[in-house]
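**Student:** Those sequence lines, one after another, are chains H and Z. Here the first sequence is numbered in my numbering, starting from 1 and rising by one per residue. Here the second sequence is numbered in my numbering, starting from 235 and rising by one per residue.
Do not take every clue at face value.
What the hints assert, rightly or not - Covered stretches of chain H (chain Z as the covering partner; in silico rule of three or more C-beta atoms under 8 angstroms from a C-beta of chain Z):
1) 159–173
2) 193–199
3) 219–233
Stated by the list, open to error - Think about it this way: if two alpha-carbon atoms lie no more than 25 angstroms apart in a straight line, the pair counts; the simulated DSS-like pairs of lysine-lysine are:
4) Lys224(H) to Lys109(H)
5) Lys109(H) to Lys214(H)
6) Lys164(H) to Lys109(H)
7) Lys109(H) to Lys319(Z)
8) Lys224(H) to Lys214(H)
9) Lys164(H) to Lys220(H)
10) Lys115(H) to Lys220(H)
11) Lys164(H) to Lys319(Z)
12) Lys319(Z) to Lys113(H)
Claimed, not checked - Here chain H is said to cover these stretches of chain Z; the calculated rule only asks that three of the stretch's residues, wherever they fall, bring their Cβ under 8 angstroms from a Cβ of chain H:
13) 243–254
14) 315–323
Simulated from the structure, these hints should not be mistaken for lab results. Beta carbons are placed, not taken as given, at the ideal position from N, Cα and C, and that holds for glycine.
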Amino acid sequence: MLVSVYRYNPEIDDAPYMQDIHIDIPGGKDIMVLDLLQLLKDKDPTLGYRRSCREGVCGSDGMNMNGLNGLACITPLSEVVENDNLVLRPLPGLPVIRDLVVDMSQFYKQYEKIKPFLINDTPPPAIERLQSPEERAELDGLYECILCACCSTACPSFWWNPDKFIGPSGLLQAYRFLADSRDTATTERLADLDDPFSVFRCHGIMNCVNVCPKGLNPTKAIGKIRNMLISQAT
Amino acid sequence: MVTSITSFGRSGLYDWMIQRVTAVVLLAFTVFMIGYMLFSPDLDYQQWKELFECTSMRIFTLMALLSMAAHAWIGMWSISTDYIKPTGFRFLFQSACGLLTFIYVVWGIQILWGV
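Please take these sequences and the hints and turn them into a complete structure.
**Tutor:** Structure representation (structure tokens):
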């Protein structure tokens with residue numbers, strides 16, 4: 001098969017370019033894209049990409065495969081390869097450090113903005129803050145986010161305003177803390193989100209839902225944040 | 235919290251609500267106008283003039299005109315902040331949109347009460 005990989009090493013290249021590599025998959029097996037990257041790296045050790053757990057838990061190997069963001073380690077070739085062709089690019093919209101490695105600072109800055117930790121100013125109980133099973137169930141579909149940035153880098157609103165729009169990933173996490181029965185900073189959290197950019201740049205095109213490798217639904221969470229903003233307004 | 239001084243109401247929630255309310259007004263006006271034209275096959279100038287001489291129609295039309303102005307401003311502002319990054323150009327574009335909207339509103343009122 002023919003693999004076309006985005007290559008850029010700022011120390012030696014003037015501009016990024018696409019490198020075409022012909023490769024035979026051993027035994028014709030349906031391997032994961034990450035395994036294919038390892039085969040490519042065996043051929044050309046200068047190829048750079050991030051990887052760690054290789055089982056869709058760490059969120060390191062988010063990349064654009066034939067136009068669709070996803071985690072290379074849990075994406076089988078059969079899912080993305082078309083006509084024996086595969087184009088691998090870094091996550092769109094973020095600055096490229098080298099080859100498939102992007103600078104995630106902007107993404108993390110947005111995550112930091114939503115205060116991704118429990119805020120509770122009441123005296124801590126002796127053992128722990130309890131939740132009913134129903135209250136705990138509110139966090140399902142929110143806490144599973146691994147911050148791989150596949151969703152935010154698939155979102156045009158995040159591409160145009162990565163410094164102002166929190167992005168689907170950050171907003172999913174924002175709702176994770178708004179929905180937590182143990183958090184007491186709901187009003188302050190909502191006040192921080194009520195500007196024309198942070199939440200309202202989402203136009204609900206659902207690219208985030210389309211690409212999330214964990215099957216989460218940021219658009220739904222953003223809708224719930226909007227509903228909370230509406231219900232607390234007069 | 236992102237501070238913004240050129241958006242319609244400076245609150246994202248307010249802009250969002252105005253965008254939806256004005257959309258409903260514009261939809262109602264559009265449906266009414268299409269319906270009116272469909273049910274008046276031999277529409278002539280006299281009938282058209284009488285329609286717009288009616289106070290309720292003037293209120294409805296002015297409401298649609300103001301809704302269009304607010305709706306367009308929020309939409310164009312949104313587009314300009316997405317695609318025009320140099321502040322000077324963006325300000326120029328937004329000024330042109332604001333001026334055009336203002337002209338349309340005044341001109342619209344003049345037409346409406348000039349019938």
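**Student:** All hints are to be evaluated individually against the structure, with a verdict given for each.
**Tutor:** Quick rundown of the hints versus the structure:
1. 159–173: holds (count 3)
2. 193–199: holds (count 7)
3. 219–233: holds (count 4)
4. Lys224(H) to Lys109(H): 23 angstroms, holds
5. Lys109(H) to Lys214(H): 22 angstroms, holds
6. Lys164(H) to Lys109(H): Distance ~10 angstroms between Lys164(H) and Lys109(H) Cα, so the pair holds.
7. Lys109(H) to Lys319(Z): The given pair, whose Cα atoms are some 20 angstroms apart, holds under the 25 angstroms limit.
8. Lys224(H) to Lys214(H): 20 angstroms, holds
9. Lys164(H) to Lys220(H): Judged against 25 angstroms, a Cα distance of about 20 angstroms means the pair holds.
10. Lys115(H) to Lys220(H): 20 angstroms, holds
11. Lys164(H) to Lys319(Z): Status holds; Cα separation ~13 angstroms.
12. Lys319(Z) to Lys113(H): 22 angstroms, holds
13. 243–254: Holds: 7 residues of the stretch 243–254 of chain Z have a Cβ under 8 angstroms from chain H.
14. 315–323: holds (count 3)
Consistency with the previously given hints is maintained throughout, with no hint failing.
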